[in-house]
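Q: Spelled out from the first residue to the last, the chains are:
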Amino acid sequence: MIEVENLTVTFGEGASAIRAVRGASFRVEQGETFGLVGESGSGKSTVLRALSGLNPDWTGAMKVDGQVLGQKRSKAFHKLVQMVFQDPYGSLHPRHTVDHVLAEPLAIHGMGDVDRRVETALAEVGLGPSFRFRYPHQLSGGQRQRVAIARALVLEPKVLLLDEPTSSLDVSVQAEILNLLQRLKRERGLTFMLVTHNLAVVAHMCDRLAVMNAGRIVEEMSVDELRRGAARHAYTLQLLNASLGYDRSKARELVTFE
Amino acid sequence: MTQSLLSVEGLHVRFHTTKGVVEAVRGISFEVGREKLGIVGESGSGKTMTGRSVLRLVRPPGEVVARRMTFDGVDLIGLSEVDMREIRGRRIAMVMQDPKFSLNPVMTVGSQIAEAYLVHHKVPAAQARQRTLDMLAAVKIRDPERVYGLYPHECSGGMGQCIMIAMMLIPDPDLLIADEPTSALDVTVQMQVLAILDDLVTQRGMGLMFISHDLNLVASFCDRVVIMYAGRIVETCRASELQNARHPYTRGLLASLPRIDRPVGDLSVLSRDPAWRDGPVFVDGEMRS
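Line order of the protein sequences matches chains X and C.
For the first sequence, the working numbering gives the first residue as 1, with consecutive numbering after it.
For the second sequence, the working numbering gives the first residue as 1, with consecutive numbering after it.
One should not assume that every hint holds.
Claimed, not checked - Sample of chain X residues facing chain C (criterion: CB under 7 angstroms; computed from the structure):
(1) GLY112
(2) GLU164
(3) VAL201
(4) HIS204
(5) ARG248
(6) ALA251
(7) LEU254
Source of the hints: derived by calculation from the structure; they are not laboratory data.
C-beta atoms are modelled at their ideal positions from N, C-alpha and C, and glycine is treated no differently.
Please model the entire structure based on the sequences and the hints provided.
A: Laid out in structure tokens, this is it:
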């Protein structure tokens, strides 16, 4: 479904240029959930943004559903691929109602039957019709993230790009959102790409994952290997170790990987 | 728990709004010794307000009432504002949740940290600068000289948190209240910063109130844990016993966590029982009504 070959993203020019992603390659099969993990600054979100068309300056080759991607994306691409962002407080327009948020993509893509589609989209993410004319400030964080997911799904895409979809939510709300995503994936045969720094979320959601450090993919592994702790790269091992909880003796042994 | 440092009895925090009185904290009592006390709860459970009320940082229209609140033998309720200033920062410090809103945007981070030291210690400026650089290095800032001259907007969220921790530790407080101090840090940096706090508690006898919503982290890092729900402490237990917690709310939170070690199918979702608001609470596995 997704093929990425030797993706490189550079910000700035000359001496101050920063190569955020350096030659990343991976494939995601139809119906799979592929995780991208790493620490802040590792380039995992940049990969997702380049794929979605939000970072136009990249080199390499990318394909989604057999279509080669250029620097600019067509309308058809955005109907195929949608994104859910980390911060549900920042990603919804504060002065647009839920109805407006959900109807806008339909208008852009000239899809009719707006009333029914908006209502179905809300129902699918577990929000009743009473939410339709509310503003974001009248919603909790979890409800906002549900609206963001509904907005992504209203165009009936095949691929969902998820950038830390639950990291700003309480754990009980996180469980609700992850369950919702799993159900939608089963019902619609979606392909997910999930960026997160939370290894437990990756283990719960993904089939395979790639570990990024300093712009490179250092290791690709299956979720079974992750569960067994069978990492080959020292960086992955350290990340896995640190995710298991605090341990005074472990803190002394941490090293920085470049 | 060793001898008590902070003792709070019957603490209420109320907000008088146009729609009536909102009670953010509803009559809680707890003690902090020279130990790591974790305070866990979801947003809105009152954990931040608990921390702020100890330092008298709840702004009007918020109102703080407590039967008793003593710190190292000093009655915090009866203290004048002038005397409170001697305690705030110097003896009890608080690391706020969001460095972006807590740092002065028009002052370099280095001079802000140095100021925190100079307010409480009469030393030459050069000495304060050196202390600041040492402190920045201690909280794992890579290039302290460079970071000293940066403004808050030039720092990442993780760096901001480390800077806040440095600023709060530099006056050498006896009690540190840390509100989600490491939530923006990578797991490896988080571990290193926690190790610094850990050493201050075990080697220098500092008390630490660690406010967090990360159950696994609190279970592995703290000595004791209190769980807050709707402004009350519903459970208190040893951190090592958190997995065996008895209150249905605590159990629900634990069950809703995804796990690395084994697949769980659908995650269990917390169904909130209205009875939890005023129902029985648990202390070390024993029910108290």
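Q: Next, verify each hint and record whether it holds.
A: Against the structure, the hints:
no.: 1; hint: GLY112; result: violated (35 angstroms)
no.: 2; hint: GLU164; result: violated (12 angstroms)
no.: 3; hint: VAL201; result: holds (5 angstroms)
no.: 4; hint: HIS204; result: holds (3 angstroms)
no.: 5; hint: ARG248; result: holds (6 angstroms)
no.: 6; hint: ALA251; result: holds (4 angstroms)
no.: 7; hint: LEU254; result: holds (5 angstroms)
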